[in-house]
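> Same order as they appear, the protein sequences are chains A and B.
FYI, my numbering numbers position 90 of the first sequence as 90, with every residue one higher than the one before it.
FYI, my numbering numbers position 143 of the second sequence as 417, with every residue one higher than the one before it.
Please note that the accuracy of each hint is not assured.
Unchecked claim - Residues of chain B placed beyond 10 Å of chain A at every Cβ, according to the derived structure:
| no. | residue |
| --- | --- |
| 1 | G286 |
| 2 | A293 |
| 3 | R298 |
| 4 | F302 |
| 5 | F322 |
| 6 | P351 |
| 7 | L380 |
| 8 | G408 |
| 9 | G540 |
As the list claims (entries may be wrong) - Over 12 Å on every C-beta distance to chain A, these chain B residues come out as not near it, computed from the model:
| no. | residue |
| --- | --- |
| 10 | G283 |
| 11 | G299 |
| 12 | P319 |
| 13 | R340 |
| 14 | G397 |
| 15 | R529 |
| 16 | Q533 |
| 17 | R539 |
| 18 | A547 |
What the hints assert, rightly or not - Stretch-level coverage of chain B by chain A, calculated; a stretch enters the list once three of its residues show a Cβ under 8 Å from a Cβ in chain A:
| no. | region |
| --- | --- |
| 19 | 443 to 457 |
| 20 | 460 to 469 |
No wet-lab data here; the hints were simulated from the structure.
Only a predicted model underlies this, so the values are computations on that prediction, with no experimental measurement involved.
We put the beta carbon where it would ideally sit given N, CA and C, even for glycine.
There are 2 protein chains.
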Amino acid sequence: MSETAIIAGQGGLPVALAASLRERGKDFLVAELDGFPSAIPDGDPIRFRVERLVPFLDALADRGVRRVAFAGAIRRPALEPDLIDARSATLVPRLIGAFGSGDDALLREVIAIFEDFDFDVVGADTLAPELVPGAGILTGLPSEADRADAARAAEIVAELGRLDIGQGAVVAQGLCLAVETLPGTDAMLAFVAAHAGRLRPDPRGGRGVFYKAPKPGQDRRIDLPTLGPDTVREAAEAGLAGIVWEAGGAILLDRRQMQAEAEKRGLFLWARAR
Amino acid sequence: MSETAIIAGQGGLPVALAASLRERGKDFLVAELDGFPSAIPDGDPIRFRVERLVPFLDALADRGVRRVAFAGAIRRPALEPDLIDARSATLVPRLIGAFGSGDDALLREVIAIFEDFDFDVVGADTLAPELVPGAGILTGLPSEADRADAARAAEIVAELGRLDIGQGAVVAQGLCLAVETLPGTDAMLAFVAAHAGRLRPDPRGGRGVFYKAPKPGQDRRIDLPTLGPDTVREAAEAGLAGIVWEAGGAILLDRRQMQAEAEKRGLFLWARAR
Numbered sequence: 001m002s003e004t005a006i007i008a009g010q011g012g013l014p015v016a017l018a019a020s021l022r023e024r025g026k027d028f029l030v031a032e033l034d035g036f037p038s039a040i041p042d043g044d045p046i047r048f049r050v051e052r053l054v055p056f057l058d059a060l061a062d063r064g065v066r067r068v069a070f071a072g073a074i075r076r077p078a079l080e081p082d083l084i085d086a087r088s089a090t091l092v093p094r095l096i097g098a099f100g101s102g103d104d105a106l107l108r109e110v111i112a113i114f115e116d117f118d119f120d121v122v123g124a125d126t127l128a129p130e131l132v133p134g135a136g137i138l139t140g141l142p143s144e145a146d147r148a149d150a151a152r153a154a155e156i157v158a159e160l161g162r163l164d165i166g167q168g169a170v171v172a173q174g175l176c177l178a179v180e181t182l183p184g185t186d187a188m189l190a191f192v193a194a195h196a197g198r199l200r201p202d203p204r205g206g207r208g209v210f211y212k213a214p215k216p217g218q219d220r221r222i223d224l225p226t227l228g229p230d231t232v233r234e235a236a237e238a239g240l241a242g243i244v245w246e247a248g249g250a251i252l253l254d255r256r257q258m259q260a261e262a263e264k265r266g267l268f269l270w271a272r273a274r
Numbered sequence: 275m276s277e278t279a280i281i282a283g284q285g286g287l288p289v290a291l292a293a294s295l296r297e298r299g300k301d302f303l304v305a306e307l308d309g310f311p312s313a314i315p316d317g318d319p320i321r322f323r324v325e326r327l328v329p330f331l332d333a334l335a336d337r338g339v340r341r342v343a344f345a346g347a348i349r350r351p352a353l354e355p356d357l358i359d360a361r362s363a364t365l366v367p368r369l370i371g372a373f374g375s376g377d378d379a380l381l382r383e384v385i386a387i388f389e390d391f392d393f394d395v396v397g398a399d400t401l402a403p404e405l406v407p408g409a410g411i412l413t414g415l416p417s418e419a420d421r422a423d424a425a426r427a428a429e430i431v432a433e434l435g436r437l438d439i440g441q442g443a444v445v446a447q448g449l450c451l452a453v454e455t456l457p458g459t460d461a462m463l464a465f466v467a468a469h470a471g472r473l474r475p476d477p478r479g480g481r482g483v484f485y486k487a488p489k490p491g492q493d494r495r496i497d498l499p500t501l502g503p504d505t506v507r508e509a510a511e512a513g514l515a516g517i518v519w520e521a522g523g524a525i526l527l528d529r530r531q532m533q534a535e536a537e538k539r540g541l542f543l544w545a546r547a548r
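Bound-form chain A, shown alone (with noise of 0.2 Å):
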């Protein structure tokens, strides 16, 4: 019997989650969608199907699972009428109307209707809060010059989320070299990469910094920010001084890699209080 089950996606999050768990002898269960599979390795997932999201539910309870926490993205998955059970049909209802809505209209009303199952509904740091540091610095030292880009660009950040744009921007020097929409991070420092060397006005100023954080108000058991070694070797890639987060706001997949890249790199890694 496992008392938690990660309802696993795609990208490094369930893989990073499981790894905590596991390493802290905590058991656990992984549920992956049809066709998404996790990079969770040996996770003998149970899989299923929003057609018959009822009777996966019922197999969960069955199992003892008392709460679950959603790690990775998910795509919407095509809907084969044929295939849905009577009891999860009461369900479809609620369920199409999300799918028309944002990912985060759709997944508020998938954890609603787990939680209308009775399952706790978490995030990872309550499973893993070591993923998920406090407020300090992690390694290197941030300049008075990148601590106001920090500050520029978590206000500029603020205002992406209201407006669901994205959830990070990069700035050096006070300006706005990039902001984050939907091709993501990695796309972005690339953008940076590729652009950096006319864009900093002042040469011996600050080089900027990559800033990141959650949506205002969004619910922290969704889709909360990841960073990895990628991102520290990207955003050395794009010149920058150093990545920030919001503290508390932020997922990091592989600390102890991520710290050796950034003092390899000598970048800096801050979780900035709000």
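Fit chain B to the given chain A structure using the hints.
Relative to chain A, chain B alone:
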């Protein structure tokens, strides 16, 4: 004697402005900041230095100039203190203060100085109204999806303007694909072109629009956004359905050529009423 002077910087706007005035037989004079030549052909420019601003303003007045328009980009020149004459020296504190601020603050101060010397500072739209078309569709036909994308983009760009980030964005199927930042429009559209394939959730849905508008409350005499034939080509390469801008809020550098390019590539051009 020329009543009108173009303070001409880099880019296509001074060229378009001069061509428009010549086409209509209007006399004008070209002035260029020393070291920052414009691309106006046969402009026979007066060259000036910031260190000798007052003698330059006197020279303009002596030649009968009563109104000036700033057109094209000028980078901050390095001031050489030895060159500053006594009368211009009285303006140095104002300029030094403005040099330390953003581009807008600097230009506002420069405009104020010209006005203190009794020049009428006007926008490109005053000198050449046909460069700034009013509301209407110039070519093509936006779909309902395109109209919804334009509305969403207008909302985003207004907020980006308030944050002083940029003047443009790309929205497709309600999703923000890119935001204009310091690297400018070309870089943003190249970014969308590079990432366009996997960005649109519904392959049969709207291909998206590029939207451009001045900042809310922006002084229309400075830095009005410009669009040209290159913008149309780049928007086509980004796979977009059309280009939309705030009516009266963008300068078309070569309207005929833009329309020809748009028709050839199947894009619409739409000056959208606010």
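> Need the list of violated hint numbers for this structure, in ascending order.
Violated hints: none at all, because every hint is consistent with the structure.
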